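Model the full structure from these sequences, guided by the hints.
2 protein chains.
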Amino acid sequence: MNIETTDNMQNAFFAGVDWGTSRFRLWIMAADGAILGHDHSSEGMVYCAEAGFKPVLEAHLAKIGAPASLPVLICGMAGARQGWMEAPYLHTPTSLRDLFSSATVIADEQRDIRILPGLAQVIIDAPNVMRGEETLLLGAVDEAFSGVVCMPGTHCKWVSLEAGIVNRFQTFMTGELYSVMSQQSILVHAIEAGAIVTAGSAAFQSALRTALSKPSMVLSQLFSVRAAQLLDFEMKSAGAAHLSGLLIGAEVATMISAYGPQPIVTLVSAGPLCDLYAEALNQAGVTFKLIDAEKAARTGLLRAASQLWGKG
Amino acid sequence: MNIETTDNMQNAFFAGVDWGTSRFRLWIMAADGAILGHDHSSEGMVYCAEAGFKPVLEAHLAKIGAPASLPVLICGMAGARQGWMEAPYLHTPTSLRDLFSSATVIADEQRDIRILPGLAQVIIDAPNVMRGEETLLLGAVDEAFSGVVCMPGTHCKWVSLEAGIVNRFQTFMTGELYSVMSQQSILVHAIEAGAIVTAGSAAFQSALRTALSKPSMVLSQLFSVRAAQLLDFEMKSAGAAHLSGLLIGAEVATMISAYGPQPIVTLVSAGPLCDLYAEALNQAGVTFKLIDAEKAARTGLLRAASQLWGKG
Chain A
1 MNIETTDNMQ NAFFAGVDWG TSRFRLWIMA ADGAILGHDH SSEGMVYCAE
51 AGFKPVLEAH LAKIGAPASL PVLICGMAGA RQGWMEAPYL HTPTSLRDLF
101 SSATVIADEQ RDIRILPGLA QVIIDAPNVM RGEETLLLGA VDEAFSGVVC
151 MPGTHCKWVS LEAGIVNRFQ TFMTGELYSV MSQQSILVHA IEAGAIVTAG
201 SAAFQSALRT ALSKPSMVLS QLFSVRAAQL LDFEMKSAGA AHLSGLLIGA
251 EVATMISAYG PQPIVTLVSA GPLCDLYAEA LNQAGVTFKL IDAEKAARTG
301 LLRAASQLWG KG
Chain B
1 MNIETTDNMQ NAFFAGVDWG TSRFRLWIMA ADGAILGHDH SSEGMVYCAE
51 AGFKPVLEAH LAKIGAPASL PVLICGMAGA RQGWMEAPYL HTPTSLRDLF
101 SSATVIADEQ RDIRILPGLA QVIIDAPNVM RGEETLLLGA VDEAFSGVVC
151 MPGTHCKWVS LEAGIVNRFQ TFMTGELYSV MSQQSILVHA IEAGAIVTAG
201 SAAFQSALRT ALSKPSMVLS QLFSVRAAQL LDFEMKSAGA AHLSGLLIGA
251 EVATMISAYG PQPIVTLVSA GPLCDLYAEA LNQAGVTFKL IDAEKAARTG
301 LLRAASQLWG KG
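For the record, the sequence lines run as chains A and B. For the first sequence, counting from 1, position 284 maps to 284 in the working numbering; every step adds exactly one. For the second sequence, counting from 1, position 38 maps to 38 in the working numbering; every step adds exactly one.
What the hints contain is simulated information worked out from the structure, not anything from laboratory work. Treat the hints with caution; some may be incorrect.
Copies of the same chain look alike in the list, so a pair counts if it works inside one copy or between any two.
Cross-link-like lysine to any residue pairs, in silico, SDA-like; alpha carbons within 20 angstroms at most [as the list claims (entries may be wrong)]:
1. Lys214 / Ala258
2. Lys236 / Val122
3. Lys214 / Ala202
4. Lys295 / Glu143
5. Lys214 / Ser257
6. Lys54 / Gln82
7. Lys214 / Pro261
8. Lys214 / Ala126
Quick caveat: nothing in here was measured; it's all calculated off a predicted structure.
What follows is the structure, encoded as structure tokens:
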């Protein structure tokens with residue numbers, strides 16, 4: 001639990017919450033986006049499905065000293081069917097500006113609490129959904145943005161926009177594939193538990209080159225993480241970077257080829273994962289703009305709140 | 001435990017054992033390949049690494065009533081570093097006829113016991129190994145075979161031979177990917193535990209079509225198994241077939257394109273998995289010859305034993 005408060009809560013405009021599967025993040029913002037208090041914890045959707053959403057929210061607000069009637073705007077998995085209340089998906093193609101008007105209102109006597117919708121691609125041969133990333137998108141790109149946005153994570157989203165309209169998106173389960181293959185498959189023998197992969201490591205760079213040059217072969221290359229060690233080409237310490245480079249490289253190469261030779265790319269990410277995707281985009285010869293993921297979430301919540309509650 | 005014996009052990013030529021990671025299979029064979037007794041159990045390498053290999057082998061031989069000095073020829077993971085005794089890999093390119101002469105002898109006062117080597121592709125950008133499948137190969141194809149052999153399993157092997165020489169091979173972790181993704185990832189919500197996939201099911205056929213037409217997109221299609229259900233395009237009962245069709249379809253399409261438009265394919269497999277690969281090859285428009293995997297193992301062991309001990 002992490003708490004930070006300031007004395008100027010009289011300027012509080014709203015509380016924004018990014019409520020994910022396993023994470024809770026809350027910011028009290030002024031109308032100009034200044035952060036008056038923030039808090040985060042591991043009380044994500046999974047935890048709250050048992051413990052309740054409202055008590056967790058109010059406990060955090062109380063600790064920060066939020067005004068009693070401060071409105072709250074939520075994005076993420078709290079709006080899933082198994083969350084607090086289902087916030088029906090907006091269907092693509094859609095403008096991001098429609099997010100706020102589709103927010104689902106939680107019946108509450110004390111405050112105005114709303115959950116932003118996720119996006120759904122209701123296409124029978126390309127079904128897809130997102131919850132939370134749509135709010136990052138709203139905060140990451142300008143109203144009239146045309147290009148591609150990459151949002152790495154457990155499930156990495158690639159979104160194609162034209163003049164601010166979300167046309168199509170794709171999901172790569174890259175983070176989860178890395179996790180299950182490194183922990184649950186035969187590759188467990190080839191990967192050190194808890195290994196941190198760095199973008200500059202030789203094994204990551206080499207695996208990126210392999211995957212970028214032949215992305216379609218990635219499924220046949222996963223076993224080479226193990227075989228390379230059995231044949232003494234590689235040490236176990238390189239296994240994590242090898243697997244990560246193959247998966248991220250294949251993902252980036254696949255999407256770059258889908259979007260043509262010089263797509264306009266915005267990378268919305270943070271931390272070590274951001275460095276890995278940035279390196280992959282660099283190796284692929286793609287220039288991109290980098291936006292911090294937490295800042296994008298805050299900005300997206302603020303933009304939607306300003307539309308909803310008329311300030312900012 | 002499954003035991004079958006016959007009275008004519010006086011014709012016994014040798015005992016052949018396919019000793020895998022989690023399975024033990026033994027056949028007493030006459031010089032003409034007639035099966036005089038057989039037995040199988042789950043006492044694979046993992047079990048025997050604790051319990052010992054020799055006691056397990058002798059217990060099975062005794063139960064079947066094998067002669068006291070009958071020679072034994074073993075293939076598979078018993079020859080791995082963590083197995084009974086390491087049987088060093090034969091390196092590609094190699095003739096399959098070299099398998100027998102490279103067999104590793106187990107020091108034993110009672111019998112002649114040998115373990116066949118696996119194959120290693122000692123190429124720094126395509127490292128690969130197999131143990132067991134080389135013996136299936138020996139049994140599945142003629143001495144001068146040219147073409148491609150597909151051997152589905154936890155790790156599916158695709159082997160390219162020319163005039164009986166193994167040139168290159170590739171490993172797809174398709175079986176294991178299916179297993180970890182369906183049991184350990186978010187897809188667990190989209191797949192019924194223990195579901196049996198049938199080749200004729202609409203979901204399998206549809207997923208095959210998708211993957212065969214765009215194999216390079218497979219990593220972005222895995223999440224659609226979940227999304228299709230969230231958007232009510234598909235029932236949970238179809239999830240297993242959907243995932244299986246994507247993985248097998250992408251594998252088959254990738255390899256067929258690597259080997260050119262009309263490769264000569266031999267499929268070495270059995271059971272439900274065999275039907276799934278056969279359907280994928282059919283949909284890809286590839287004709288193939290089907291060889292039963294267990295028969296291939298027996299035949300391979302017999303061929304090597306005949307070279308070693310001069311009969312047959």
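### Message
Need the list of violated hint numbers for this structure, in ascending order.
### Response
The structure breaks none of the hints.
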